[in-house]
Each structure stands twice: as structure tokens, then as C-alpha cells.
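In case you want the letters, here they are:
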Amino acid sequence: MEFIIEAENLFFDFNNRTIINAGSFKISRAKITAVIGKNGCGKSTLLKLLGKILVPKAGNLYLDNKRLDEYSAFEISAAISYLGQNNKTAFDITVGELIETGACVISKPKDWNLDAYLSRYDLNILKFTKLSGLSGGQRQLAFLALALLKQPRLLLLDEPTNHLDIKNQITLLESLMTLNQSQNMSIVIALHDLNLAIKYSDYVIHIDDNGEFTIGPTNDILTIDNIKAWYGVDVELLTSSDGKVINFPRSSNLMDFPV
Amino acid sequence: MLLLVLFFCTILISLSVGSTRSIGFFEIIDYLHGSGNEINTLIIWNLRFPRLLASLLTGSALGLSGALLQSLLRNSLAGPFLLGISSGSGLMTILAIILGISAVYIPFFAWMGGMIASILVIFVASVGSNKLTTQKLILIGVALSSFLGAIQSILLLGTEDSRIQIALQWLIGSLNAVNWEVIKPAGLMILTSIIASKFMLKKLDLLNLDEPTAINFGLNLSRSRLLVGIVATCLSSCAVSIGGLIGFVGLISPHTARLLIGSNQPSKIIPASSILGAIFLSVADTIARSYTEELPVGAITALIGSPLFVFLLIHQSRKSVII
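Order-wise, the sequence lines are chains H and P.
For the first sequence, counting from 1, position 126 maps to 126 in my numbering; every step adds exactly one.
For the second sequence, counting from 1, position 113 maps to 1113 in my numbering; every step adds exactly one.
In case anyone wonders, no lab produced these hints; they're calculated from the structure.
Hints may contain errors.
Here are the computed lysine-lysine pairs in the DSS-like style, where the Cα-Cα straight-line distance is at most 27 Å [as the list claims (entries may be wrong)]:
no.	chain 1	residue 1	chain 2	residue 2
1	H	K110	P	K1198
2	H	K127	P	K1268
3	H	K88	H	K108
4	H	K199	H	K38
5	H	K167	H	K244
6	P	K1202	H	K127
7	H	K199	P	K1136
8	P	K1268	H	K244
9	H	K26	H	K228
10	P	K1268	P	K1198
11	H	K66	H	K38
12	P	K1136	H	K108
13	P	K1184	H	K88
14	P	K1198	H	K130
15	H	K199	H	K31
16	H	K244	H	K38
17	P	K1136	P	K1202
18	P	K1131	H	K130
19	H	K244	H	K228
20	H	K38	H	K130
21	H	K244	H	K199
22	H	K57	P	K1131
23	P	K1268	H	K31
24	H	K127	H	K66
25	H	K108	H	K127
26	H	K130	H	K31
27	P	K1198	H	K127
28	H	K31	H	K244
29	P	K1136	H	K88
30	H	K108	P	K1202
31	H	K110	P	K1136
32	H	K57	P	K1136
33	P	K1268	H	K108
34	H	K110	P	K1268
35	P	K1131	P	K1202
36	H	K88	P	K1202
37	H	K57	H	K108
Model the full structure from these sequences, guided by the hints.
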């Protein structure tokens, strides 16, 4: 099967505002698909729909050719991992306790061991550190480790690079690429930084103001014309030593800010 | 486990101390062997044991209920009476007292009032949208509490003085009138709820995470919240039916548990909070009985509890005393 997710007339609205009006689309298996679009365009909503955290108002979603609502909560939980934007706990727990929380409710191999698992992500030294004492990067890593506990077929990440410095951004995305290549994990990732999308994704979904999608291979979607049309920004595509880079020339983007 | 040792010490001390006479530790052990003298047997079995059992059950119910509700509502200010339990059972009790209903039925009325009020809160919170949010639960609980509290005050003002005394004892919280008839049904329900809560610990750990993550790990949010809410409600209503509105135990126990264990993980805190509640209330009740004139235990828990609580919070920085 070439596609992990297939959508039929997917529609979602909230307070009478259409957020997703996607029609039908497919998401490729074992690829990295970036979801882009302006703030508030519905990137988070799309990821939540794919993870069955929200239920579509109309239309159907299929995971591996089976309707999402035909899966039990346990089956969905085993197949899909979701890493959201607000990784807050009500009461401040340690990294070890966070991983234990997830480990207690999933089926895992008999020889599974917390310390070994933590050291796989270099989190062993942070086992007894409370989440409030972590840096943004460490925190994101801890929650990524929680999401990866399940060894999911589909990994959904909602703007995981937010608040991360450039080193942590690259580390995170490189490790996602490794997961994608070594375990054939399908990854859908919401991103704001188009340069990260162009570097790390195979496919791109753009969501416009009406909730409509444009979807295709990254290089076909992230074109000068499309970026101008969607964001109202003039860009040039430069070719660097390892692929394309989007540059935003200041001279052509001088804007009148109402100061 | 230091907690368990503390727990058994409390039991022994509580059986030994009392207004009639002090009974030595060895005499209690004699009694447990079935070879104690008759007076001691009478005092222990008919007076102190029901009282001790009542304080242990009520205390553990309050401690557990407080910890459950703090986890459920994601708020460390929550206590067992937050969902309208106190005002519901308060109103029913005052009503029963005014109507001159025999004192035997008051525990039942108190239990009913608490259950009805908080089930009403949970029900109203789930109406409107299909999502049971913690914020709605808290706010509706507060609204209903003031509403019922107002009715209660109006009723109380019109009551004759002799009956107000009974009502007051109950409103402060006291274990003076405890007997086997009250302990048996309420105690059975408390024990059932304690066992039920044991199976919710993993879910409560998940509820501590943010909502989407909890759902992604297969948790049905509304159903789990409903379940936890009902068990917590049942626990506090039973506690109220035994001892009236004993304050502070439900708030201080989970916090003390967090400080002593040095963790905030619900599955670790909740059982500890239950044991601490039992210890705390039986110590408080032992003090209440030892005073020349019997004091309502609710006054003692607040008198000792509040400064102790503040002391613990100030020393929070030196945390992680692992037990």
C-alpha cells in the first residue's frame, strides 16, 4: 500500500468557521509530510483529526484502508503517536515518571526497561529531573520519547520545532529522518519554517484560509509563485550545496507597519 | 514504608488514650490475644475501637477523595467538598434536623445530600457540550454550593436553639456520636471505593498529562473523569455521613503526601494521601477525646492542620524526603 492515510471529503468547522474543507487527499506511507500554512489555518486541527483526537464533522479518514472510527481506542493508540504543542502536566512530574506513565498503559516487550529506554534518548541523566526544570529542547525530547514508546506506524508532530534553538531543531528533525528511514515510520509534521520543510520533508500539505489543501511533492509545492500567493511574500529559491534554500530578500518585502 | 509503621503506631496510641482511663500497650496486646480484663475489653471494643475505626475510615476517605479530586480537577486547591458535597449534605442534614427526623437517619440524609448535589454538578457540567471539562466542574460546584448554602443559612436562622446545637456539631465535624450502625454501611462503601480507586491509578497518571496526549494513549477523558468523580463523591459523602463536615483533612493529606514522597505522580500520591488522612484524623480525634471536655474533631483538624500545612509549605524547598 502506497498510502497510510486516505481522506474522503474531510470537513471540520468550529463556531461556524470552516477550518478544514479538504476534499479528498492521501498521505504517503513511510514518508515525511510537512503541513504548512498561516497561523490559525488548521494545521493543529488536521493533526488532531488524523490522530482521532478530534472527530471530523463530515467525511471519512482511512488508516491502512480501514475507517478510523472502526478502530478501537487501544488500536489507534498503538498505531498512532501524537506530539502536541502544549505538553503541560497538571502536576510537575519527573522525566522518569512521564515515561512510566505511558509505559504502564501500552503493550511493550517483556525485557523493556525504563533506564535502558531513557538512555536511548540520552534522557537517563534527567530521570529524576522535574519537567519544569528542563530546557525547551530537553522537554521536547522527553515528550518525543513518550510518543515513540508506542513504536507507532504514524507519528504526528504539531510544530515540534517551536521554541527550539537551531541546534535542537536540527537534532530533532535529523532524528525524525532516521526514524523514517530505519523504521519506515510515516511522519506528518506541522512546520512554520519553510526552509525546514524544504530540507526535511518529502511531501507538503498547504492549508489555505478556506481550509482547502494543496498537496504534492515538496519541490512542486514550495515554489516562488505559491509562496507569494499564500503568504504575500516575495522569495527567491537559491541552490545550496545540499538542495534548495528559500531566501526572503528584504528589499522586495518592505512593508508599511502601522507604528 | 515509614507510613505504614506510623499508621500502626497511631492505632495503638489511639486505643490506649481516652478520657475514662489509659490502657497500656501490653494490655492492648493482651486484648488482641483475647486475654484482657473485662473493663478494658468493654472500653476498647465498645468505645474506642468504633471511634478509632470511624476516624481511620473517615480520614482515609477524605484523604483519598481530596487526592482524587485534585488529580481530576488538575488543581491543588481542590478538596473533597469542592463539587457541592458539603452544601448538599449540609442542607439535607439541616432539613432532617428541622423536620425532627430521628438522629439515626441523619447520616443517611447527609450521604444522600452529598451524592445528589455532586452528581447534579457532574451532570450539569456534561450538559451542553459532550465534553466534561474540569473548569466547568469547579465553577458549577462553586455556584451550586453558594446556592444551597444560602438556603441552608435561611433554614438555620429559623430553627429553634436546641436543634441548632445538633446541627452545629455536625457542621463543624465530630466523631462523638459514632456507633456501629453508622460505621458498617459507610465503612463498606469506603472500602469498596478504596479498592475501586486502586484500578484508576494508571488512568489518573494519564489525566495528569495534557488532554490530547492522554487521548492518544487511549484514554476516554469524559468517562474516566466521570468515574473518578463518582468514586470521589461517594468517598466524601460517606465520610460526611460518619463525621459531618470535617475540614482540612482532604486538602492537607495530598499535599503532605507530595512533600513526604517528593513526587507529584498521582499514582504514588493517591494511596499515600489516603493513609496520611487516616493517620491525621485519628491523631486529631485522639486529641479531641483526651481534652477534659470532648471537642469536635473538625475544630482540631483545622487548629492543628492549618499551621502544620503552612509549615510544610514553607519547608517545601527542602523536598524529596524519600520514604
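- Among all the numbered hints in the text so far, which are the ones the structure does not match? 7, 8, 11, 12, 13, 18, 20, 23, 24, 26, 31, 37
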